[in-house]
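J.: Kindly produce the complete structure, drawing on both the sequences and the hints.
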Amino acid sequence: MKLDARKNLVFLFLLSLCIIFLVSPVLFRNLNSDKYLIGDKSYFYLRLAGEIKENGIIPNEDYFSYGGREFRDEWGWPYLLSFNPEFLSFYLPIILGILSFILFYIILNKFDYKLGVVSSLLFIISPSFIYLFSVSNKFSVSVFLSLLAIYLNLNNRKILSLLCIPLIGFFSVLASILMLLIYAVYNLYKKEHWHYLLITLFLTLAVIYIQFGIISFKGLFFIKNNFALFLQNMISDFGGNFGIGIFMLLISFIGVFFLWKNKYKHSFAYLLFIILFLLSYYFDFVIFYLNLLVAVLAGFALIQLYEMKWEEDFIKKLVIFILICGLLFSSISFINRLVADEPKKELQEGLYYLSRQPDDGVVFSHYSKGNLINYAGKKNLMDSNFFNAPDLYKRNKDSETLLHSQNITVTFDLIKKYNIEYIFIDREMISGLVWYDDNIELLFILENDKGFKKVFDNDYVKIWKVLND
Amino acid sequence: MLKKIKEHYFLILIFILVFAFRLYFVFQSNNFSSDEAYFHLRHVNSILSEGKILFYDELSYGGRFVLYPPLFHMLLAYLTFGNLLLLKILPALFASLMVFVAYAIAKYITNDTKTALFTSILASFVPLFIIETLNNLSPYSLVMLILFLLFYFLTRIKEINYLWYFILFILLLAFLHAAAFLFLLTILIYLIILNSENIPLEKIKKEVILLSVFIILLIGFIIYKKAFLQYGFGILWQNIPVNIFADEFKNLNVLDILFGVGLLPLIFGLIGLYYGFKTKRRLVYMISSLILVIFMLLLFRLMPLTVGLMFLGVSLAIISSLAIKNIFDYFEQTKLFNYKRYFIYLFLLLVFVFGIIPTYNISTKVNTIFDQTIDDMQWINKNLALNATVLAPVSEGNLVSAIAKRKNVADSEFLLAPNPFERYEDIKVIYTVGSEAIALNLIKKYDINYIYVSDNLDKIYENHNLNFLDDKNCFKEIKWRIYEVRC
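Chains U and A, in that order, are what the protein sequence lines are.
Be aware that the first sequence starts at 1, since it is given in the working numbering, and climbs by one per residue.
Be aware that the second sequence starts at 1, since it is given in the working numbering, and climbs by one per residue.
Since no wrong hints were added, every one of them can be taken at face value.
If the Cβ cut is set under 7 Å, some of the chain A residues that face chain U in the computed set are:
#, residue
1, K203
2, I204
3, E207
4, L210
5, I215
6, L218
7, F221
8, F228
9, L229
10, G232
11, F233
12, N419
To be clear, the hints were calculated from the coordinates, so they are not data collected in a lab.
What you are looking at is a predicted structure, and each value in this text was computed from that prediction instead of being measured.
Glycine included, each C-beta is placed from N, C-alpha and C at the ideal position.
T.: Okay, structure coming up:
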């Protein structure tokens, strides 16, 4: 009885910590007067959710993205948000985060109580978890449903568990394919029957067909990766958007080292680790899944480190203290980054100005600003929704030419070609995203050519209008 | 007992010799030998005057964040209280203490006093170690000492005192310099070598290695957090402009190795490495791992050549002890055994001719900052507006911020510096273009108020051309070499 009470207390502590870590980015941004969603993709979903709420159906066309294109994205997340777009964009990820934590805790508790507690703690404070469940994104549901699938499977609800996989397809087709792959590997490992999996595969393909028709992988590999960039994305302390903390990753390697003492007993874990690691080279979102495994391995390592016999006890205490400091350092510094992340108040002022302009033309900027421009009710030349985007490579090339243009004729030819009416430049673009100087290439032309008029400038955002005469 | 006293007497004599050698050059000039020393001086003075570490330097690059481990500056500040003489002596003392460390390691490896004494001389006169740390506020004078002490302590970690020393010094190294990561890589290679040779590692060593890895990573990530986030793995190249990178991260070549390491440490070091691997000594493996790491970093151009060769030189000099010991042992087995004393004198002569004299010759060629340059900077400090921006070549930028205490356009601290490549190129253009229109455009870009025409301009920019300064309407020579921008 006493033990149960203690377990409940520990769970409550973890739950409170989970809420604190998930709420703090939003809370601190509010305190900084940046009452805006984090990241540019959140605005894509917010806009779509608004449209769905208004019209009651998933749109067939996106009038703003790439100057107007067919709508090609999963339906699930914008549809869920559409019940109350503004509120749910902020709070639905947090709710899903709490539910995911609870599932993760229960799943691991089935194996080992200590592992459940320590790994859940590591899961909660991991940068990847904080990003996943504090920024509006479709993968928050995917990961939640994946955990639900594992939970149901462990409770011998096989059919329900497998039904989760096609359901994930409504939020992220790639995540559902990943889960199918993991299930297939698990089936091989456990030597189980394949008929359930085949039915799931059929259902998943059906979900993909309903949403996308005949699937095309155009634009899926638009962002070219290299090994340095991959490692940078993978590790949050190296600047990765939602990478894993360096300390957690290192501790998980120690976990693998400890597991290796039993040689091939845990070969599924090694295989899964390798698969997820390799796939994360091509697909960023796999890091969210890898983070689950890393948290378990790191938890296992911490328990082993604590329980093993050390020659000097004070070294053990020191090592564990430093590890805790390192893990907290990664988390806190990541929260700090989220708090300071785009968009900020000044950027919103620029977008507000745009939204009030009557013109129907295209607003040109770096593609990472595209979703924000769309949210302001203006068309963009391109944005970060590369999947199945029209003329993606051509638009990207033209966009680069325009940004780095030193020739007025070329500049105006492209402006005419894409019917560009405004050019939107912010400080991030001048601070290294595109340029390191505010008086070169397109910026020089904008400042010095009479074909442009600066219509907005708040030190952070500058907007030029293209003069037609 | 008598032998032991004699041994200590010789060791102290060598220390005095090395220290005196360094002090001789220190007292040749009132100034330091490099512009980089003034970067450290500025930080030391900031700690003393403001009472806090300088994280944001308002003068460097017109204002920028500075990332530098604080311990070196704090040590210098609180041990010297900003006294210039002490600031010159202290790094010389740190570097000279290498005599004792090299002696201790060599003695441990060879168990021979004579060899250890010779090794301590060789390690103290490695040419690049002398050049980099002579009359300079260089953290390497302390880093080298601590790094090799850590190897020594790790070997003797079973003795409880050494365990505490190890923990203390690992903390010191982590707060002192990014070279702490070099220790990490060395340990990694060391573990791989031990594993491949099937040599078991004691539990306590595993524990302290784990501890040191996490201490260095934690402190490193705290100190360099901003840079890691900004550059990712590019932090290895420290945001150095491409053209300077080509000079500093040069490809390895035999002549550079010979010049930087020295003839004797190179030959004896390589022989020593051979004997070391043959005898499977752990401390030798550890230093060999460092050599391997340095070699790989230099090969892949991940480390400045001078820094790499400096570490390589000292490591090889210490490993030389095995070769020296074998030479002495071999001599004792020959019929010339009775002339042992003369052989030692001959060996000493060899060390003197091929070790000390070449290093002395190189040391005489180490440049120091001209008195006139310092006078000019002090004049600027006393006479020009506090918020003025003074243009100087990048290699003299730290003098502007440290002595003149005015904003510079760029200096040699590139990590987190805004647009260093562009600034480097723009400064070069101003000093070489001759065209007033182009120069004025750039002067306006950086809001430059004064132009410093350095005495070193001939060396820095061979084709320097400042003809535009003849326009008296725009530029006024307010002091010889210092021009005010008036339009």
